[in-house]
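Make the full structure from the sequences, and use the hints.
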Amino acid sequence: MNEHTEHPEHGEGRAPDERQHVWDNPRNVKLLFNVFYAVCIILLVLDPLLDLVIDRHRDHPWESLLAFYPLYGFVGIVVLVLIAKVMRRVLMRPEDYYDASGRDG
Amino acid sequence: MLVAAMGSLPLLGSLPPVLIFFVGALVVAVTKGHLRRGVLLAIPVIGALNLLGLEVGATIEFEMLGYTLVPFKVDRLAMMFGYLFHLAAFLGNLFALHLEKKDGAGVQHTSAVLYAGSAIGAVYTGDLISLFVFWELLALTSVFLIWARKTERSFRAGFRYLVIHVLSGVLLLSGALMLAHETGSITFGPISLDGSMAGWVILIAFGIKAAFPLLHTWITDAYPEGTPTGTVFLSAFTTKVAVFALVRTFAGADVLIYVGVTMTCFPIFYAVIENDLRRVLSYSMINQIGFMVTGVGLGTALALNGAVAHAFADVIFKGLLFMTMGSVLHMTGRINGSDLGGLYKTMPITAALCVVGAMTISAFPLLSAFITKSMVMAAALEEGHIWVWPFLLFASAGVLEHAGIKIPFFAFFGHDSGIRAKEPPKNMLAAMMIGAVLCVVIGSFPGLLYSLLPFEAEYHPYDATHVLTQMQLLLFGALAVVWLMKRGIYPPEIRALNIDAEWTYRWLGPRLIRSIGGAVARVDSAVRIRVLAVVRGTLRSAHRGHGPQGILARTWPTGSMILWVAVLLAAYLLVFYF
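Protein chains in written order, with the working numbering: chain A, -3 to 101; chain B, 86 to 663.
Treat the hints as calculated values from the structure; they're not laboratory data.
Treat the hints with care, since some could be wrong.
Derived EDC-like pairs (lysine to aspartate or glutamate); straight-line CA-CA distance at most 20 Å [said to hold, decoys possible]:
no., chain 1, residue 1, chain 2, residue 2
1, B, LYS507, A, ASP20
2, B, LYS511, B, GLU185
3, A, LYS81, A, GLU91
4, A, LYS26, B, ASP424
5, B, LYS235, A, ASP95
6, B, LYS235, B, GLU185
7, B, LYS571, B, ASP501
8, B, LYS235, A, ASP43
9, B, LYS187, B, GLU237
10, B, LYS507, B, ASP424
11, B, LYS571, A, ASP20
12, B, LYS117, B, GLU185
13, B, LYS507, B, GLU185
14, A, LYS81, B, ASP585
15, A, LYS81, B, GLU578
Model, not experiment: these values are computed from the prediction.
As structure tokens, then:
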């Protein structure tokens, strides 16, 4: 019926003497996030700096708003995820929803 | 009544590319082992060499029943898709090279080559009837890539896929015949939608294959049910042939702008809450096709170039993502986000290649989607569609969330599932590596792809503003995901499905039919009972009359017979007088 049975060699049990992997170390994860936050800040700072250097082309009125792209990206994703969560309440069904109805072919 | 009149054929050195694939498929079907593997890799290579000898303008045409059929016609648009489909066939065949007898290798390889050939055949047609032939072949040849999964679920999904695509073909043929009646032409070229019923029928036929909203469910239904290697082929051809057909026929049709924008936006909500990672990619695919359809609707040279360039890039980066998820499915037997995680520990190369694909689809600078998607967005602003652009920008940010972060995160990082699967076979790794390299090369050297574009338009993707604003959009979008995850707001992966438009025919339809059937059955049984009662009553009274004890079955004396004759004569007399 499914592939689970076809791959018995890929056992799920973790080997007892397994070495620590790169993201198992919380310090590495923390470093990654700090670099990420730093890049975000640099991108924010570059915004007004670029205006000093070149004459930026702005083709849409919203592009002149302060920090438009960072705000749009952040707010856009938050809105997307929140709406999707509400959708899930309405749309989510058990995995065998269609199978259970039997004759869906 | 076939009067053959070969048009200009200055291509004696070159064959119609479809022939190489169809003959190649025959060879694949009868060979085995290393020989077959060699043939599988050779077909697209020989095909590509053959393409180099094709000249724009070459045609084959003949008259049939008063119409000009053009089964083969070469123009720049066809050439671009020709190269793309040869590349996709090569990557797909390489990715599937390890298949063995137990995987149904013979069926999968043969149908994949026929399927690729059908797509290539379709883009080199010059009339709608020839297109129809390849249109149906696309469905008939590809369904085996779903059925080869050999599960009950894949069989049903494949069957639904087939029904929907055959319907699309029937609509295309009907539209072509209506168009022939309206205009006297069946040319596969620009078609008007103004007051033309035929135009709308053909648009819907194309719209089914291009996954227009509400007509899209065959993708999210069937693609996740395909074999790990089969879905890579599926993702490359059918929808891109539809995009090609839209560019040929409906460039500049305003309605497509709004259809396209809807396609970019609605699937990303589904993608956030979908658990099956190949279904996430299927929704993502609709989102990407949305950009292409928007470009077709805008209809300017820049927008059309953007649409076809994005189709080109999408086949490679979406193929790469489907390959990485196919590898995960092949090696672990699982594909649900809720079952996976931590695979980077034992599949670091696949994980890295997936990240390249994820960053490409998100349109990071130096990667292919950055130089293609932006053409459509720039064209929208050039045409003054200031309300279309914010939706496209929102959809661009949404891509980052579901394809850029969710796919690699839930499969390879995130919560450690404890699964310790090995890297996939070398052929799979090689195909993914070539895909990843192409994403980088196309994105970093835009001139390579731009030189293939069929229309004349200037566009320069790399300037400081574009790079900075795109990085801001993406990284602050990513920051939002980080914030939502850290706050525990981000929706977890749940073993569940989300109903979509397919609910109408997979749940509502069967129930409606059953309840209508039930009502009919009730009326039917009530009527039967009445009728039966009448029949029984008649039988009973007949029995009373004619049965052994019945009044009419008795023997009667002659006297009473004379009496009855007298009665009859009297009645006759009465009737006669009045």
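So, going through the hints one by one against the coordinates:
1. B:LYS507 to A:ASP20: 19 Å, holds
2. B:LYS511 to B:GLU185: 15 Å, holds
3. A:LYS81 to A:GLU91: With a Cα-Cα distance of about 18 Å, the restraint between A:LYS81 and A:GLU91 holds, given a limit of 20 Å.
4. A:LYS26 to B:ASP424: This hinted pair is violated, its Cα atoms lying about 25 Å apart.
5. B:LYS235 to A:ASP95: 16 Å, holds
6. B:LYS235 to B:GLU185: 14 Å, holds
7. B:LYS571 to B:ASP501: Distance ~17 Å between B:LYS571 and B:ASP501 Cα, so the pair holds.
8. B:LYS235 to A:ASP43: Cα-Cα ~55 Å, so violated.
9. B:LYS187 to B:GLU237: Holds - the C-alpha atoms of B:GLU237 and B:LYS187 are around 17 Å apart, at most 20 Å.
10. B:LYS507 to B:ASP424: 16 Å, holds
11. B:LYS571 to A:ASP20: Status holds; Cα separation ~17 Å.
12. B:LYS117 to B:GLU185: Measuring from Cα to Cα gives roughly 10 Å; hence the hint holds.
13. B:LYS507 to B:GLU185: 19 Å, holds
14. A:LYS81 to B:ASP585: Within the cut-off at roughly 15 Å; holds.
15. A:LYS81 to B:GLU578: 11 Å, holds
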